[in-house]
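Next come the chains, spelled out residue by residue.
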Amino acid sequence: MPISDVSGRKVWQLRSRNQQLAHWAMWLAGVAVFMWCWQRISEATTWVFVWDAPRIAADMGSRAWPPRWSYMSELWAPLWDTLNIATLGTLLAIFAAVPVAFLAARNTTPSALFVRPVALFVIVSSRSINSLIWALLLVSIIGPGVLSGLLAIALRSIGFCAKLLYEAIEEIDPKQVEAVTATGASRWQVMAYGIVPQILPAFAGITVFRWDINLRESTVLGLVGAGGIGLQLKSSLDVLAWPQVALILIIILLAVLLSEWVSARVRGAII
Amino acid sequence: MLRLEKLTKTYRTGDKALNAVNLTVPKGQVMALIGPSGAGKSTLIRCINRLVEPTSGKVFLDQDDITGLSASGLRRMRRQMGMIFQEYALVERLTVMENVLSGRLGYVGFWRSFTRRYPQADVDEAFRLLDRVGLLEMADKRADELSGGQRQRVGIARALIQDPKVLLVDEPTASLDPKTSRQIMRLICELCAERELAAIINIHDVALAQMFVQRVIGLQKGVVQFDGKPDALTPEVLTKIYGEEDWKETTRSAEEAAE
Numbered sequence: 001m002p003i004s005d006v007s008g009r010k011v012w013q014l015r016s017r018n019q020q021l022a023h024w025a026m027w028l029a030g031v032a033v034f035m036w037c038w039q040r041i042s043e044a045t046t047w048v049f050v051w052d053a054p055r056i057a058a059d060m061g062s063r064a065w066p067p068r069w070s071y072m073s074e075l076w077a078p079l080w081d082t083l084n085i086a087t088l089g090t091l092l093a094i095f096a097a098v099p100v101a102f103l104a105a106r107n108t109t110p111s112a113l114f115v116r117p118v119a120l121f122v123i124v125s126s127r128s129i130n131s132l133i134w135a136l137l138l139v140s141i142i143g144p145g146v147l148s149g150l151l152a153i154a155l156r157s158i159g160f161c162a163k164l165l166y167e168a169i170e171e172i173d174p175k176q177v178e179a180v181t182a183t184g185a186s187r188w189q190v191m192a193y194g195i196v197p198q199i200l201p202a203f204a205g206i207t208v209f210r211w212d213i214n215l216r217e218s219t220v221l222g223l224v225g226a227g228g229i230g231l232q233l234k235s236s237l238d239v240l241a242w243p244q245v246a247l248i249l250i251i252i253l254l255a256v257l258l259s260e261w262v263s264a265r266v267r268g269a270i271i
Numbered sequence: 001m002l003r004l005e006k007l008t009k010t011y012r013t014g015d016k017a018l019n020a021v022n023l024t025v026p027k028g029q030v031m032a033l034i035g036p037s038g039a040g041k042s043t044l045i046r047c048i049n050r051l052v053e054p055t056s057g058k059v060f061l062d063q064d065d066i067t068g069l070s071a072s073g074l075r076r077m078r079r080q081m082g083m084i085f086q087e088y089a090l091v092e093r094l095t096v097m098e099n100v101l102s103g104r105l106g107y108v109g110f111w112r113s114f115t116r117r118y119p120q121a122d123v124d125e126a127f128r129l130l131d132r133v134g135l136l137e138m139a140d141k142r143a144d145e146l147s148g149g150q151r152q153r154v155g156i157a158r159a160l161i162q163d164p165k166v167l168l169v170d171e172p173t174a175s176l177d178p179k180t181s182r183q184i185m186r187l188i189c190e191l192c193a194e195r196e197l198a199a200i201i202n203i204h205d206v207a208l209a210q211m212f213v214q215r216v217i218g219l220q221k222g223v224v225q226f227d228g229k230p231d232a233l234t235p236e237v238l239t240k241i242y243g244e245e246d247w248k249e250t251t252r253s254a255e256e257a258a259e
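Just so you know, the protein sequences line up as chains C and P, in that order.
Under UniProt numbering, the first residue of the first sequence carries the number 1, and numbering increases by one thereafter.
Under UniProt numbering, the first residue of the second sequence carries the number 1, and numbering increases by one thereafter.
It should be emphasised that the hints constitute simulated quantities derived from the structure, not laboratory data.
One or more hints might be untrue.
[As the list claims (entries may be wrong)] DSS-like mimics (lysine-lysine), calculated; alpha carbons at most 30 Å apart, straight line: (1) P:6 / P:229; (2) P:179 / P:16; (3) C:175 / P:141; (4) P:179 / C:234; (5) P:179 / C:175; (6) P:248 / C:175; (7) P:221 / P:16; (8) P:141 / P:6; (9) C:175 / P:221; (10) P:27 / P:58; (11) P:16 / C:175; (12) P:6 / P:179; (13) C:175 / P:6; (14) P:16 / P:58; (15) P:165 / C:175; (16) P:6 / P:165; (17) P:229 / P:165; (18) P:27 / P:179; (19) P:141 / P:179; (20) C:175 / C:163.
This one's a predicted model, so the numbers in the text were calculated from it and none came from an experiment.
Build the full structure now, drawing on both the sequences and the hints.
Pasting the structure below:
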């Protein structure tokens, strides 16, 4: 009841008195929980180490600089592997994600009762497991190497791509679909003419976005033995070869910058 | 000839959009369907090509009962019924040519349509129709680059390339300015006359309907309240269809029409 009567005049407020009190109580509870968590974390922290941190970091930095440029000769191959893991993994994921998305979208699924839940389950299970964990599992199943990394990236990306794509399918303009249906087009023709043109920009955007993410993710897959530049990073870290670590981090940064640039260009060209 | 027998549509919410509508539209007749919003005009034309499934009743095109058709029979039947929409309903990201050719989808196999290899006869007909509606130079433009009136012309070409027996037209002028509205109505009526097409045109603008059509049906709450010549639309009739209002300025009287 935000409108009240004060001596014959109608007064409007955003919230009634009770709503206002509830609002304040909610904020109070939120702040209290935050403070409590802060305290718990503080108790569990060894503050001596934290006060020491700047000195340690500076020490590590001085050992890492200058990077060992000559190590570059051993990085080209793993860098190429990383790029392949990201690109092929994304392609594989897209091929699997398109049918899943059409089965999951409310307006294209053959059966909202049986097929749609299965498609949604595929999406959720793929999304809920991080690609590093997929890689760990796959390395123990099919052994270490690029293939494990590639499949890990693909499995993680199916859910992501399918989810964004089915949301795009559900948001299409139904009138265009209706018009194509009214010409006597078959189910597949309605899809090719009424739906596909409408989701094409979203499809391209999702693909390059996921490729961009996958390039970052594939740089760490080597940590668990799934190929790529992460393998070099781990071996350098293990022997405390800080100048090599510095070089690898610079390379990863450059690769990510490049992927940002490419995906921005592709998205700009489509929309 | 199009014939509706006791066509009824009850939506799942319980709303009766159409209540036992009987209607016959002979070959070559252009008929306007007027009535207030929610009277069931859109439902009526969508029940004819079963974009909306009627609850009961029958629809006949010539001798064939549309309501009893299987999925593939319905697709073949839909080829004979061209549809024109309020907001054009073109596939926005396809070219004008692709939109016009999409009217042939019912006749062309999936791969031919998917790879855009339409029979040359269809392409010839598409060019002829684009020329007829005055958009020959626009064939290669994307549909979303056109103005409203141009888009509706593409919509008309798409419906006609189906080589239909009937045109179902849903508010063709509702998103257009008055001048373009007249041009579009004139074009639709001329084309119907050239090809002897029957047409049902849903329309809000009573005066515009009177200007072009041979017959008017007044629908109110899913029931036909008026069926007659456009000049017979007296203020009393309009009150019966739409409710109480001053109708004197809305319509052209019989005397004006005679001038």
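Hints and how they fare:
1. P:6 / P:229: OK: residue 6 of chain P and residue 229 of chain P at ~22 Å, within 30 Å.
2. P:179 / P:16: violated, 36 Å
3. C:175 / P:141: holds, 21 Å
4. P:179 / C:234: Since the Cα atoms of residue 179 of chain P and residue 234 of chain C sit roughly 73 Å apart, the hinted pair is violated (cutoff 30 Å).
5. P:179 / C:175: This hinted pair holds, its Cα atoms lying about 25 Å apart.
6. P:248 / C:175: violated, 36 Å
7. P:221 / P:16: Holds. Residue 221 of chain P to residue 16 of chain P sits at ~8 Å (cutoff 30 Å).
8. P:141 / P:6: Violated: residue 141 of chain P and residue 6 of chain P sit about 44 Å apart, past 30 Å.
9. C:175 / P:221: With Cα atoms ~24 Å apart, residue 175 of chain C and residue 221 of chain P stay inside 30 Å; holds.
10. P:27 / P:58: holds, 18 Å
11. P:16 / C:175: holds, 23 Å
12. P:6 / P:179: Cα-Cα ~37 Å, so violated.
13. C:175 / P:6: holds, 28 Å
14. P:16 / P:58: holds, 16 Å
15. P:165 / C:175: holds, 23 Å
16. P:6 / P:165: holds, 22 Å
17. P:229 / P:165: With a Cα-Cα distance of about 23 Å, the restraint between residue 229 of chain P and residue 165 of chain P holds, given a limit of 30 Å.
18. P:27 / P:179: holds, 28 Å
19. P:141 / P:179: Satisfied, since the Cα-Cα distance of roughly 24 Å is no more than 30 Å.
20. C:175 / C:163: holds, 23 Å
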